[in-house]
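Colleague: Residue-level listing of the chains:
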Amino acid sequence: MNLRKDIKRAIFKKKFIYLLLCIQFCISITSALVGYAAWERHNKYKIINNSFTKLSDTYEFTISNDDIYNLTKSGEKILKEIKAKTNYILGTYKVEEKAESGPYIKEDRYFTMISISSEFDKIYKLNLSEGKGNFQDGKKQVIAGYNLKEKYKLRDKVKVNSQGDEYEIIGFLAKDSVFIDNKSFNDTLVIKDYNLYNVFGHIYIQTKDDYKTVKNKIIKVTEKYGTLQFNKVDRLLFKEDLQAKEALRDNLILSIGIIIFSFSMFLCSLIIIINQSKRDFGIRIAYGAKKINLYCYIIGQVIFVYLVSMILMCIPYFIATKNCANNMGMSFSDYFNIKYFGVINLVIISLIFVISIPVMIKIHNLTPADLIRNKE
Amino acid sequence: MFKGVIIILKLNNISKVFVEGYNVTNALKDVNLTIEKGEMVSVMGPSGSGKSTLLNIIGLMDKPSYGELYINDELIKNFKPDKLARLRNKTVSFIFQEYNLLECYNVYENVEIPLRYRGMKVKQRKALIEEALKKLYMMDKIYSNVAKLSGGQKQRVAIARALVSGAEIIIADEPTGALDQETGKEIMNLLRQLNKEGKTIIIVTHDPNVAACCERNIKIIDGVVYED
Numbered sequence: 001m002n003l004r005k006d007i008k009r010a011i012f013k014k015k016f017i018y019l020l021l022c023i024q025f026c027i028s029i030t031s032a033l034v035g036y037a038a039w040e041r042h043n044k045y046k047i048i049n050n051s052f053t054k055l056s057d058t059y060e061f062t063i064s065n066d067d068i069y070n071l072t073k074s075g076e077k078i079l080k081e082i083k084a085k086t087n088y089i090l091g092t093y094k095v096e097e098k099a100e101s102g103p104y105i106k107e108d109r110y111f112t113m114i115s116i117s118s119e120f121d122k123i124y125k126l127n128l129s130e131g132k133g134n135f136q137d138g139k140k141q142v143i144a145g146y147n148l149k150e151k152y153k154l155r156d157k158v159k160v161n162s163q164g165d166e167y168e169i170i171g172f173l174a175k176d177s178v179f180i181d182n183k184s185f186n187d188t189l190v191i192k193d194y195n196l197y198n199v200f201g202h203i204y205i206q207t208k209d210d211y212k213t214v215k216n217k218i219i220k221v222t223e224k225y226g227t228l229q230f231n232k233v234d235r236l237l238f239k240e241d242l243q244a245k246e247a248l249r250d251n252l253i254l255s256i257g258i259i260i261f262s263f264s265m266f267l268c269s270l271i272i273i274i275n276q277s278k279r280d281f282g283i284r285i286a287y288g289a290k291k292i293n294l295y296c297y298i299i300g301q302v303i304f305v306y307l308v309s310m311i312l313m314c315i316p317y318f319i320a321t322k323n324c325a326n327n328m329g330m331s332f333s334d335y336f337n338i339k340y341f342g343v344i345n346l347v348i349i350s351l352i353f354v355i356s357i358p359v360m361i362k363i364h365n366l367t368p369a370d371l372i373r374n375k376e
Numbered sequence: 377m378f379k380g381v382i383i384i385l386k387l388n389n390i391s392k393v394f395v396e397g398y399n400v401t402n403a404l405k406d407v408n409l410t411i412e413k414g415e416m417v418s419v420m421g422p423s424g425s426g427k428s429t430l431l432n433i434i435g436l437m438d439k440p441s442y443g444e445l446y447i448n449d450e451l452i453k454n455f456k457p458d459k460l461a462r463l464r465n466k467t468v469s470f471i472f473q474e475y476n477l478l479e480c481y482n483v484y485e486n487v488e489i490p491l492r493y494r495g496m497k498v499k500q501r502k503a504l505i506e507e508a509l510k511k512l513y514m515m516d517k518i519y520s521n522v523a524k525l526s527g528g529q530k531q532r533v534a535i536a537r538a539l540v541s542g543a544e545i546i547i548a549d550e551p552t553g554a555l556d557q558e559t560g561k562e563i564m565n566l567l568r569q570l571n572k573e574g575k576t577i578i579i580v581t582h583d584p585n586v587a588a589c590c591e592r593n594i595k596i597i598d599g600v601v602y603e604d
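Protein sequence lines, in the order shown, are assigned to chains L and R. For the first sequence, position 163 (counting from the first letter as 1) is numbered 163 according to the numbering used here, and the numbering increases by one without interruption. With positions in the second sequence counted from 1, the corresponding number in the numbering used here is that position plus 376.
Check the hints yourself; a few may be wrong.
Covered stretches of chain L, going by a simulated chain R footprint (3 or more residues, C-beta under 8 Å) [as the list claims (entries may be wrong)]:
1) 144 to 155
2) 285 to 296
Here's a subset of chain R near chain L, in silico, CB distances under 8 Å, partners left out [unchecked claim]:
3) Y484
4) K497
5) Y513
Only pairs whose alpha carbons sit at most 25 Å apart, straight line, appear in this in silico PhoX-like list of lysine-lysine [unchecked claim]:
6) K595/R / K524/R
7) K511/R / K524/R
8) K362/L / K459/R
9) K439/R / K278/L
10) K291/L / K466/R
11) K153/L / K132/L
What the hints contain is simulated information worked out from the structure, not anything from laboratory work. Source: prediction; values computed, not measured. Each residue gets a CB set at the ideal place from its N, CA and C atoms; glycine is no exception.
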């Protein structure tokens, strides 16, 4: 079949409108993809970003633990003071236990725990005396120091905090293993990607004051701590918040796009298939086309238009994705999820096949004379 | 040159019944006909007499309700769809009254249609298409969009499309019906020329002048061959 001509026909004849719809649909696919990924990522990341978000007349003020800990060694103190010195109605404040205080072991002794990142894992090969050093994604696993061999066996579980999180020992380090500052790791638990400062303070402020007023009052209370300067507070508490807001806004726009464009492209696929000229098919059969040629023609044309649309939308799609990823403080590769992309496209192509079936049945049942008589 | 030697088409008691709701129309009633290779035959009759239905059946565009159709001594009823498609592609070719060109394609692509379904290489196709268009004096319009052509030019393209496949039987359904007298004469001359080259030509027409160009005239009235 002459696909080049068919696509030319799709563009320059009445099917131009369908091509536009195809493009819309492709954008919808990618919107869905980006929107979904944004939502998923946002849910993961929002808890570790400082945020300041207006919810009706309620403000939520969140400070992550590492800020509190690094700046004052006592985030709780700051938050209590804010509560005492402002006229806002405050909600609850919770502090979870710091993992760095060490793991709880059977005899209630504490051991030092160190978290390593994925990159560390790749750069330094852990020298083990027993077991395996490969952490499995999503599993709670630790590698224990050499001295811990006396008390634990492989596959034993240790509590890493008072919340009761238990981690399985998958290996023991070699004797006198050294990674950083020549400190021996004989009594240390090595854990991967564990947030050592996973502690959050929350103050819920109910007020009709505007954003600036609330911000100024909080800064006034906190400025005496010296290290919590205005600029620093502004950056820590609000700039990232604005980024999160931008990401949410992008997310919202993309999600609305999903609904509009998905519908329009579904309509497009439908129109492009059912509006195929029966007369053209009749003429083709009259000059020797087999019915299979025509089925391929229908499917080929729609998929071709679909693919061209996909190519056309690649640039805006990648720009949108990159923008969202930047706003979320993530790399493009973290943000883009090929799995969703593949699945959504597969569903669409399957849908096209399903929609084509009635047209194919019609072609199958009619003679060329009937098809040519049909003026569609 | 093949005249009187081989029977290329044979119709045995062909009937065609159209059923639409409670209306039953007998478009053809027990038509028996033989056409020899190289003949130029006209089929005349009033509107609704069944001429076009007969032509559609001969041209493998429609199926008879009853009866048998033989092309080159082969019973068509037994053919599988793929073989039927091959026959339409290589043996029987159709020229329609309203040209039935694909408007979005140019002249070259329209003429190319039968060759496309033959799996022929592009070079070979091009040679055949150019040859056909030269014969019909349409080479200067080879890449013109058919929508911009005059009626006579469109009919020439339709004839070129029928010709390019090298089909032995050319069936024309009122080929001059939509043309002015002068252009109609030109088209008839072309068809006569093709007949002289050995093609079997069957023409449905209302026009006695067109029928006069043919050596055999068949008249159909109410689905029955009235005069042959």
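Colleague: All hints are to be evaluated individually against the structure, with a verdict given for each.
Modeller: Hints, verified against the model:
Counting residues of the region 144 to 155 of chain L whose C-beta sits closer than 8 Å to any C-beta of chain R gives 0, which falls short of three, so the coverage hint is violated. Restraint check on the region 285 to 296 of chain L versus chain R: 8 residues with Cβ-Cβ distances below 8 Å, three needed, restraint holds. Interface restraint check: Y484/R against chain L, minimum CB-CB distance 10 Å, threshold 8 Å, status violated. A least Cβ separation of about 14 Å between K497/R and chain L goes past the 8 Å threshold, and the interface hint is therefore violated.
Interface hint status for Y513/R: violated, as the beta-carbon distance to the closest one in chain L is roughly 22 Å, over 8 Å. Only pairs whose Cα atoms come within 25 Å are accepted, and K595/R paired with K524/R is rejected, the gap being roughly 36 Å. Taking the CA atoms of K511/R and K524/R, the gap is about 21 Å. The hint holds against a cut of 25 Å. Taking the CA atoms of K362/L and K459/R, the gap is about 21 Å. The hint holds against a cut of 25 Å.
Between K439/R and K278/L the alpha-carbon distance is near 18 Å, which keeps this suggested pair within the 25 Å criterion. Distance hint between K291/L and K466/R is fulfilled; the C-alpha atoms sit about 17 Å from each other, no more than 25 Å. Simply put, K153/L and K132/L have alpha-carbon atoms about 13 Å apart, close enough for the 25 Å limit, and the pair holds.
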